[in-house]
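Its first residue numbered 1, the sequence shown is counted upward by one per residue in the UniProt record's numbering.
These aren't lab readings, by the way, just hints derived from the structure by calculation. Any given hint might turn out to be false.
Distance ranges between label pairs, derived from CB positions [stated by the list, open to error]:
#, residue 1, residue 2, range
1, A8, E49, 16 to 22 Å
2, S48, P6, 30 to 36 Å
3, D57, R24, 29 to 35 Å
4, A4, R24, 28 to 34 Å
5, A4, D57, 31 to 37 Å
6, D46, S20, 17 to 23 Å
7, L5, Q47, 16 to 22 Å
8, Y36, F15, 15 to 21 Å
9, V11, P61, 31 to 37 Å
10, A35, D57, 32 to 38 Å
11, F15, E40, 31 to 37 Å
12, Q47, S20, 18 to 24 Å
13, P6, D57, 37 to 43 Å
14, A4, Q47, 36 to 42 Å
Predicted model only: the values in this text are computed from it and were never measured. Where a beta carbon is used, it is the ideal one built from N, C-alpha and C, also for glycine.
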Amino acid sequence: MLTALPSASVVICFFNEAFSALLRTVHSVLDRTPAYLLHEIILVDDQSELGNCCPPDWLQPLL
Numbered sequence: 001m002l003t004a005l006p007s008a009s010v011v012i013c014f015f016n017e018a019f020s021a022l023l024r025t026v027h028s029v030l031d032r033t034p035a036y037l038l039h040e041i042i043l044v045d046d047q048s049e050l051g052n053c054c055p056p057d058w059l060q061p062l063l
């Protein structure tokens with residue numbers, strides 16, 4: 001008997017990652033995870049030294 005799976009949050013911690021690498025990672029999670037299982041994606045910048053690597057609204061079009 002199959003039971004319903006709970007939705008999950010994906011936490012991605014990064015340090016000095018290129019914007020393109022973060023974008024590929026988020027796209028990969030969205031492409032490979034069924035929507036009903038994915039509650040949220042949380043990006044955590046671990047005090048990167050690259051300054052403002054990601055514009056604040058870069059993820060909005062993906063939602």
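To see whether the hints hold, each was checked on the structure:
no., hint, in the structure
1, A8 <-> E49: 16 to 22 Å, "violated (30 Å)"
2, S48 <-> P6: 30 to 36 Å, "holds (31 Å)"
3, D57 <-> R24: 29 to 35 Å, "violated (19 Å)"
4, A4 <-> R24: 28 to 34 Å, "holds (30 Å)"
5, A4 <-> D57: 31 to 37 Å, "holds (34 Å)"
6, D46 <-> S20: 17 to 23 Å, "holds (18 Å)"
7, L5 <-> Q47: 16 to 22 Å, "violated (34 Å)"
8, Y36 <-> F15: 15 to 21 Å, "violated (31 Å)"
9, V11 <-> P61: 31 to 37 Å, "violated (21 Å)"
10, A35 <-> D57: 32 to 38 Å, "violated (22 Å)"
11, F15 <-> E40: 31 to 37 Å, "violated (21 Å)"
12, Q47 <-> S20: 18 to 24 Å, "holds (20 Å)"
13, P6 <-> D57: 37 to 43 Å, "violated (29 Å)"
14, A4 <-> Q47: 36 to 42 Å, "holds (38 Å)"
Hint compliance for this structure: hints 1, 3, 7, 8, 9, 10, 11, 13 are broken, all remaining hints hold.
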